[in-house]
Each structure stands twice: as structure tokens, then as C-alpha cells.
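Colleague: Chain residues, written in single-letter form:
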Amino acid sequence: MANYKDIINSCREKRGGIIEAFHALQAEYNYIPQDALVEAARVFGVSEAQAYGVATFYSYLSVENRGKYIIRMCESAPCHVAGADAVIRAIENYLDIKVGETTADGKFTIELCECIGQCQATPVITINSQPVFNVTPEKVPEILDACK
Amino acid sequence: MAEELRVLLQYADQINPESADDYVKVGGYKGLEKARSMDRKALIDEVKKSGLRGRGGAGFNAGMKWSFVPQDAPIKYVVCNLDEGEPGTYKDRIICEKNAQALLEGMAICGTAISSKQGYIYCRGEYPFVVELLKNAIKSAKASGALGDFDIEVRMGAGAYVCGEETALIESIEGHRGEPRFKPPFPGVEGLWAAPTVVNNVETFACLPNILANGAEWFAGIGATRYPGTKIVTLTGDIENATYFEVPTNVTLRDVIFTLGGGVKNGKKFKAVQVGGTSGAFIPEQNLDTQIDFDSMGSIGAALGSGAVFVLDETRDIVDVVTRISKFFEHESCGKCNPCREGTFRLREIMEKVNAGRGTTQDMDNLLLLSKVMQKAALCGLGQAAPIPIESTIKHFRYEYLRKI
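Protein chains in written order, with numbering that gives the first Met the number 0: chain A, 0 to 147; chain B, 0 to 404.
Just so you know, these hints were derived from the structure itself, not from any lab.
Here the structure is a predicted model, which means the values were calculated and not measured.
C-beta: ideal position from N, C-alpha, C; glycine also.
Hints should not be assumed to be uniformly reliable.
As the list claims (entries may be wrong) - Stretch-level coverage of chain B by chain A, calculated; a stretch enters the list once three of its residues show a Cβ under 8 Å from a Cβ in chain A:
| hint | region |
| --- | --- |
| 1 | 88-96 |
| 2 | 125-131 |
| 3 | 149-162 |
| 4 | 167-173 |
| 5 | 241-248 |
| 6 | 309-316 |
| 7 | 326-336 |
Bound conformation, chain B alone:
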């Protein structure tokens, strides 16, 4: 039986997220205190040992990421990715609105680990009210002395999905067009203003205070072994409870949708679910008994990604929804690399043709071929993931396409 497990959101609505004093009263800033008492290497090892993996798209071990930062560099930066642009995702907003101080503490713990004195939070332009909240939270934390000499500045994005990609985000903080960089060098070696930079997202940072306060073993013991901890999922589409839940990572997709989510809206039957945002794969009913952790999702050709869970009922026209999604990617492609710029354009063009009933089976073959090319040749995750909704629906819901051809 699936139940919520609230760790990041344990004190949601019981404390003022802006107030460092409120946060300290419920045990806040103990993790940072512990981190500061530790040797840097031991601190990074502790985070590695906890098994904490990035709560964004790549699922990379956080401690490992930090260990790549060269210690001899004079300036290093801690950057928080609060550009959650994946449609159907709002978990980072919830973390800030319920527990902003945990994010600040997590960033300061990272600062301690890589000996950085300066953090940046890049908040998406859609959340100006979160920018205000965070500025007040930082003021409160600085006034209380909790952050010590670690400073955090909030920068606001301006409505570009691609800026969720870490190097595009860095470009944007620098005041440029948000176009991804070629990697390597990775940001850990050469990031913001060419200095070593750790970029993690809000949820990853917010896990850290509890890991330090309760120990790596405690965290490693929650949820799935290879992707431990909790995950905040946001349920959208044809679902009874269109809200957010914090769950251990070994809960199954079926439990998320049918137990916590209350099942498909209005008693209709389930058709498909898209997990991880609009770039994720569509999953059919037979794969619902899969755990939501990163690797289990990967094993069915899906991705946990942002934790968005978008449910479609039996009446939905999948080809129409995927056509809409292909428009999204055409709009959000930054245009820097050819496979994505041209590819997202052609995907949208062919999808519109199929959706309008003018497609052929040759179009479906072309979609699959283009899909392969983009996954291999696009510069960043946007162009690589853009064809996945199309590819996964041709695989699992081929009959829906054939019906329109």
C-alpha cells in the first residue's frame, strides 16, 4: 500500500518558509553545522555514500559531481537550477513555497564541500513571486547568521525552456542568450564565468540538510537502493487528485496513479501516462507496475525526470496530444544546433500532417528515422529528448497513428 513519505515537505504549512528562525525551531541548519565540522573530503564522501542522485534529468550522483571540482581554483560557484520548465512540473516551486530554507542550507552545504562562497539561484521567469520569497528567505538566513560567509543571489530567467540545461542556464546568468555550450569542459571544471561550478536542482539541494543531520545510511535506506530517498511527483491530466505527493522512490507508478492519485478522473479507463515532463515517454498500462526510481523507469524506456505524471484517459487522442508536444519543442529549440533546429521543425510538420489525416506509413518511418538522428546528434538534452514522446507512442500506441492514416 503506497503512502506518502514526507521528508523535504515534513513541515509544509507549519513553518514560514521565509523565516530562518522557524526553520531552526524544527531542526534546520543542523546539517550545515555538521558539514562545517567535517573535513571537505569526508563531507563529499558522506554525500556520495548516501547515494543521492540528481533530481533533474541526468540522475548523476551528487557527491561524485562535486568531487570533480578542482580544489586549487580560487573562485568556485554553487548554482541552483530553479528553471523547472518541464510542462506538468511544479515540485521545485512547492519546495520553495513550503521549505525554502532547506534549499539555502543545501546550497551552503555544497559551498562548504567545494569551498565556494557564492551561490546563485536561477529562478524561472514564470515565478516572480518565488523570486521575492527567496530574496526574503536569504535575508532572514543571513540576518540569523546561519549561512555564515556564504552568499546567495537570485537571478530570474525569462521564459526559455532550454535554460533548464545547465550550460544554457550558466549562459543566461552571464547575461547571454540561453544557448547550451559544447561539453566538455563540464561546468564542474569550467562553468560560470569560466570558474568551476556545481549546478544541482532545487530538490537535490533540499535533500542535503537531512542527509547530513541524519547520516548517509539513513538516506540510503529510504526507497529504491540505486536511487534512494524521496521524490516529489506532480499529478496532472485526467487524474482525480491533481496535486503533488512526496513518495519513497520504490513506489510503483500504479500506486502513484491509482492509490495516491485516486485513479483516472470521472471513472474512465486508463490509456497512457507520460512521466518526467513533456520530453518523457508515454507508458502503457502493462508497464505500470514499475518502480518510479531512475533506473527502473529507464528499464521500460521511460525517464523519471522531473517527476511529472501526466495521465490520459481512454478518450484522449494521443496523436493530437503528441502533435501539441511537437509544437512545444519547435518553439523551445534554441536554434544553435542543426539536428534540433531542423529536427523539431520537421517533427512538428509531419505530426501535423498525420494529425490532420493526411499522413502515410512512410511518414511514420520518417518520424522514427529522424527521431534516431536527433537522439544521437543533437547538442543538448532538448533535441535528444524532443522525439521521445513520438517514438514511444508509435511503439506503444501505433494503432492510434494508423487510425489517422
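Isolated chain A (complex conformation):
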């Protein structure tokens, strides 16, 4: 596993690049660990409070540990009318957790999100940012079982 200091350093040349550093950290850890947040604040010359303010402003960034696979369900209007509610219930039932929670084995986290721009194939979920199209409650077990 890459050292968080190296990850942050790889972005330090980018002016205002703290969000880029957060993305890079999340690519490695799936969240922004506390120590890394403190280090990023130092490298980019902002206070820890400001760095925390940035990390918690954006819905794709998280300061809480999350599962290996982050399942996001789009709830925006096009997915809503296409049956997003039934899909999210099927995901919750299959994994036996609620939105915002992580499975006990640390494998899955469920989050809600807004439009991901794949509205040609609603309802849509993403698994670690990769979109899965035309999801139905019936397809949920197969989709989740494919995450090893």
C-alpha cells in the first residue's frame, strides 16, 4: 500500500490541488484517513479546519472508513420515476444494511447520490464509480455477487 505522504506529494505541484490529493488518497484507501488529512493541510498550506471543511463539503469525499465496494444509487428524478426506490430496497435487503452503512465484513457501503449523467439507461447505480445500467431489483443479487 502506498504511503499517504507520497500520494499527497505527487499532487503538491498542482496549485490548489488539495482536492486532487483527496481523490488520490481515496483511490488508495476509499476514504481520507485522519493522518492524511492533517498532512494534506500542511502540504497545501491551509489549516486543518479548512482541509476538513473541504473534505466534508463534497459528497464523493469521505472522512469515514468505507467498504471495498461503494455502491451508489442515483435518486434524481429520471432514476426516481424509473424505479430507484425499489432498487435501493433490494440492495439494502440483499446486503442487510441501510443506506450510509458498511457491511460487517467491510466489503460494501451503500450511498445515495444525485444524477451521474447516464440517464439513457435508468435506473443507474455505480460501483466504485463504474456505472451499471438498467438495474432492476431482480438483477441486484447477480450484480453484487460479481463483486469479489
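Following the hints, position chain B against chain A.
Modeller: For chain B alone, kept in the frame of chain A given last:
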């Protein structure tokens, strides 16, 4: 009879969008060459004359926007807004996936006009694969020499709808919370790192190569006179052909939905359409013979906005859909200004009450009053537009509300 008119997407799926060489083979980078041969003022005048207006929310004349940039500033930036967060919109993704080099060329043309050497593309966090595509496209364009000394860097957003607002977007590139700034100063005078900055969206930039290559008159002659050119629309909801089309701006909404879109799904009847994304007005059947251009949409109290076309069939519960939309705005409000922070919260609260069958006509009056306050007092477009779906549905579909009261 409505037909597609492909200008931006003319070579979709025929060229590799990452490859500058492919793009040059179909006439790419000729517009930039022309722009560089022109005097700066003449270039800006040419873009003004074409009538190109922003393909985002404001519909401002692009050449006019550029002309506000003070020439004596040592550093200036060109920023591309690829934060298309309006639900039901994916046209900027399509432009990148089909014709990314046209975006880069358009940014370089703008760079020439305002003498800027540095561009940024702010891509929404939902599109990491587009970020990769664009990075490769930039590499290819730089290697081919087409961009000359104009550099472009891609920055990725992180899931905040408000960052589609240009000053919030600038804040985000600077590494801050994406909260809008007070205007003035406008970005053209004081934008990214306090330097003059032009912010346009992907579709606006992608129009420029053809405008330069074919001339302002050619562009001005396409579509509606006051909002010329083509527009990419994305059809969602209860529609047979849930896909995207590039159309001249004088096509009517009815043609978009019933000719290109194939009509309402499963042979059901039409109830309403929301144009321009989730912040747009809901439009009833009697207004469908309106052209989609910016001003015509404005004349029926709607907005072309992003070009999203969200169709609802006769069976849909409009109050339920609008309640869902009110949750969206509560979630996406950045919290900086009071009218939006409190307003989106109260709108959602009242809508949920009405949707659950516990509302009164007093609630509807309160929704309309709050709606007025937010449109006048909110700091940015998010808070100003958030009540529009509610206001427009109380106006056109009042009976749906009354049924639940």
C-alpha cells in the same frame, strides 16, 4: 418535419475522440489556425457576430463575455465547465466521448482571443473515465503541435451540483469548498486566482471550431435567429427513445418529443415535460409547439438550460416527482446564503407534507411566497431556480396538488 442536424457530433463514432490526428483528418484545428491568423479584436467580433450564446444556464453571448476581459492583465485563464450536474443531462459527456478534440480546439480559440496560455477543464467527479479520456486527448493534441503553447489541465470535481455555478467552480479549482462568490466582480475581471477568467461550458467551446472554419454567417444562419446553432438534447423519463439528439435550435418541443423521441413510452398519453434539468419548469401539453431556443423557452416561463428533456406520462404523480426534486435541492444547497439554505429546507418540508396528504391550501400559498423570495434573494442560480419546479407545477397542475389536500 424535425430532423437531427449534426454539427458537433458530425463525426461521432467515426473518429477516435482522443486522437488529434483523427480529428485533423476530418478538418479539425482549421478553426484555431484561422483564429491565430486574426487580430484579437476581429476574432472576438467574429464570435459576437455568430450570435453564439452560452449553452449553460444564462445564455449569454460568448463573444461579449470574452470582450470584458481586460487586455492589460498579465495572466488570464480559460476555464471549461464540465460539471454538468443537472439531473437528466449528459450532453457534455457525449461531446467529450465523441469529439473531445473540438472542445480542446474551442478552448485554444478562446485562449487566442483573450491571450491566455492556460486552460482548465473542471470535470465532474461522476466522470472519472472522461477525465482519463481528456488527459489522453490533451496529450495527443500537445504531441501533434496543434495546441501550440496553450496548455490545458483537467481537474476533477467531487460530487457537488453547486460547482456548476461558475464562481463555485472557480473556488473548487482553487481547492476550496465550492461556495459561490458574490458578483461583481465577475470572473471575466477577477476569476481564478483573482486573474481574469472566461468560463464557458463544453458545448459552447465545441461550437467554436466550426464557427471559425465556416464563418460567423454560416453559424448565425442555423436554427433560431436569436439563439443560433444546434443544441444537444437528452431525452429521459417516459419516452420511447431515451437517447440524445443534436437539433437546430428552431425545432419545437413537440417535434423533439414526438418525432425524434418517438412519443410517450408504451403508447401512454403525455402529461408534462421538464426542460433544462431538474431546476426547470414543468410544461403542459398546450405549450409544446414552442421552439426550444433560449428566448422562446423563456417566453413560456421555462428555460432551455442544459437541454435535458424529462417527459412524464399521464400516470405520473407530479407532486411526488416534485417532492423528490425538492429533496435534491435541499441536499445540494451549499449553505452559504440564508434564502437558499433555509428555503430549500422549508420547500422540502412543505412538499413532503403535501405529498403525504397532510397539506392545506395555506401550504400552497406559502410555497408560492417562499418561491418568490428565493428567486429574488438567493445568492446564486441554485437557490433562485430551486422553487421553479414547484411554482410551475402549482401553476399548470394545480389540480394534482388539490387532489392531495
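Colleague: Taking the hints in turn, state whether each one holds.
Modeller: Outcome of the hint check:
1. 88-96: With 3 residues in contact (Cβ-Cβ under 8 Å with chain A), the coverage given for the region 88-96 of chain B holds.
2. 125-131: holds (count 3)
3. 149-162: holds (count 8)
4. 167-173: It holds, with 3 qualifying residues against the three required.
5. 241-248: holds (count 3)
6. 309-316: Holds: 3 residues of the region 309-316 of chain B have a Cβ under 8 Å from chain A.
7. 326-336: Answer holds; 5 residues pass the 8 Å Cβ test.
Every hint from the earlier list agrees with this structure, and none is contradicted.
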